[in-house]
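**Student:** Sequence:
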Amino acid sequence: MTSRLSSLSISPHSPTRAKSSPLASLTPQHNLGTDYYSYEDLSTLDTPKMPSSQHPPHQPCDYHHCRHLQTACAELSKDTGCLCPGVTGPDVPPEPPQLGPVHVTESGATLHWCAPSSTVWEYRLMYQADGGHTIAGPIFNSTFRMAVLAGLHPSTSYLVCVMAANQAGASPTDDGSRAHGPCRTIRTLAPQLPYAYVAAGLAAMFSLVVVATLTWHFALRSRRRQFHGASWHSGQQSTLPPTPG
Numbered sequence: 001m002t003s004r005l006s007s008l009s010i011s012p013h014s015p016t017r018a019k020s021s022p023l024a025s026l027t028p029q030h031n032l033g034t035d036y037y038s039y040e041d042l043s044t045l046d047t048p049k050m051p052s053s054q055h056p057p058h059q060p061c062d063y064h065h066c067r068h069l070q071t072a073c074a075e076l077s078k079d080t081g082c083l084c085p086g087v088t089g090p091d092v093p094p095e096p097p098q099l100g101p102v103h104v105t106e107s108g109a110t111l112h113w114c115a116p117s118s119t120v121w122e123y124r125l126m127y128q129a130d131g132g133h134t135i136a137g138p139i140f141n142s143t144f145r146m147a148v149l150a151g152l153h154p155s156t157s158y159l160v161c162v163m164a165a166n167q168a169g170a171s172p173t174d175d176g177s178r179a180h181g182p183c184r185t186i187r188t189l190a191p192q193l194p195y196a197y198v199a200a201g202l203a204a205m206f207s208l209v210v211v212a213t214l215t216w217h218f219a220l221r222s223r224r225r226q227f228h229g230a231s232w233h234s235g236q237q238s239t240l241p242p243t244p245g
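If you count the sequence shown from 1, position 234 lands on 234 in UniProt numbering, and the numbers rise without skipping.
Think of the hints as simulated: they come from the structure by calculation, not from any bench. Values in this document were obtained by computation on a predicted structure and should not be read as measured data. Incorrect hints may appear among the rest.
Between beta-carbon pairs, the in silico distance windows are [claimed, not checked]:
no., residue 1, residue 2, range
1, HIS103, THR143, 36 to 46 Å
2, ALA204, HIS64, 45 to 55 Å
3, HIS64, GLY201, 45 to 55 Å
Every residue, glycine too, gets a C-beta built ideally from N, C-alpha and C.
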């Protein structure tokens with residue numbers, strides 16, 4: 001896919017469709033740093049250490065970057081006093097989410113992602129058909145880690161991306177070449193309906209062949225019975241004695 005999705009500044013009132021012209025790619029605005037988690041090891045959370053001389057050790061919050069409908073860690077910490085992983089504030093544009101498995105159908109795709117180490121207010125799906133224009137998908141709140149992208153065409157290649165946004169702006173996108181970046185190149189499945197028609201046609205043809213074969217078989221047996229009956233009757237007549245005059 002030659003064209004790329006660009007980084008957009010998203011607000012809750014932003015339009016649902018991007019500019020009609022192809023968008024140029026942008027270089028990521030922020031260095032991800034060493035605290036950016038790896039998709040292969042999502043269980044490790046970067047938690048601050050509390051001095052043992054001042055406070056007893058606290059436990060990390062039951063917070064997971066990739067859990068769907070995940071309660072914000074700030075709310076968990078407020079309720080229980082647990083510790084949250086370090087994140088950038090709302091005055092800094094979010095880092096890119098990590099797009100995980102993408103499951104495709106004929107007309108849609110289900111996307112799974114992991115939250116960045118940033119303050120996120122909302123997520124938005126972006127997609128672009130091969131050679132087409134960039135389209136802004138629906139908006140989801142910060143608890144979402146999974147969403148369905150509908151309205152795609154069968155047998156078509158798409159670049160799909162997930163973007164995070166807060167008051168400072170939106171996370172950058174890429175061309176889908178990174179293994180765990182915010183974008184992925186997918187191809188929707190071919191239509192299955194013609195195959196169903198072919199299967200139904202073959203089944204009907206097979207049924208007709210079976211019926212024709214059975215009809216021919218029973219007709220042949222009936223003719224044989226009629227032939228043998230006529231031969232037996234003729235033989236019986238030939239063996240009868242002549243009638244006296």
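**Student:** Taking the hints in turn, state whether each one holds.
**Tutor:** Taking the hints in turn, this is what the structure says about them:
1. HIS103 x THR143: 36 to 46 Å: Violated, at about 21 Å.
2. ALA204 x HIS64: 45 to 55 Å: With a Cβ separation near 53 Å, ALA204 and HIS64 satisfy 45 to 55 Å, so the hint holds.
3. HIS64 x GLY201: 45 to 55 Å: holds (50 Å)
When held up to the earlier numbered hints, the structure conflicts with hint 1 and nothing else.
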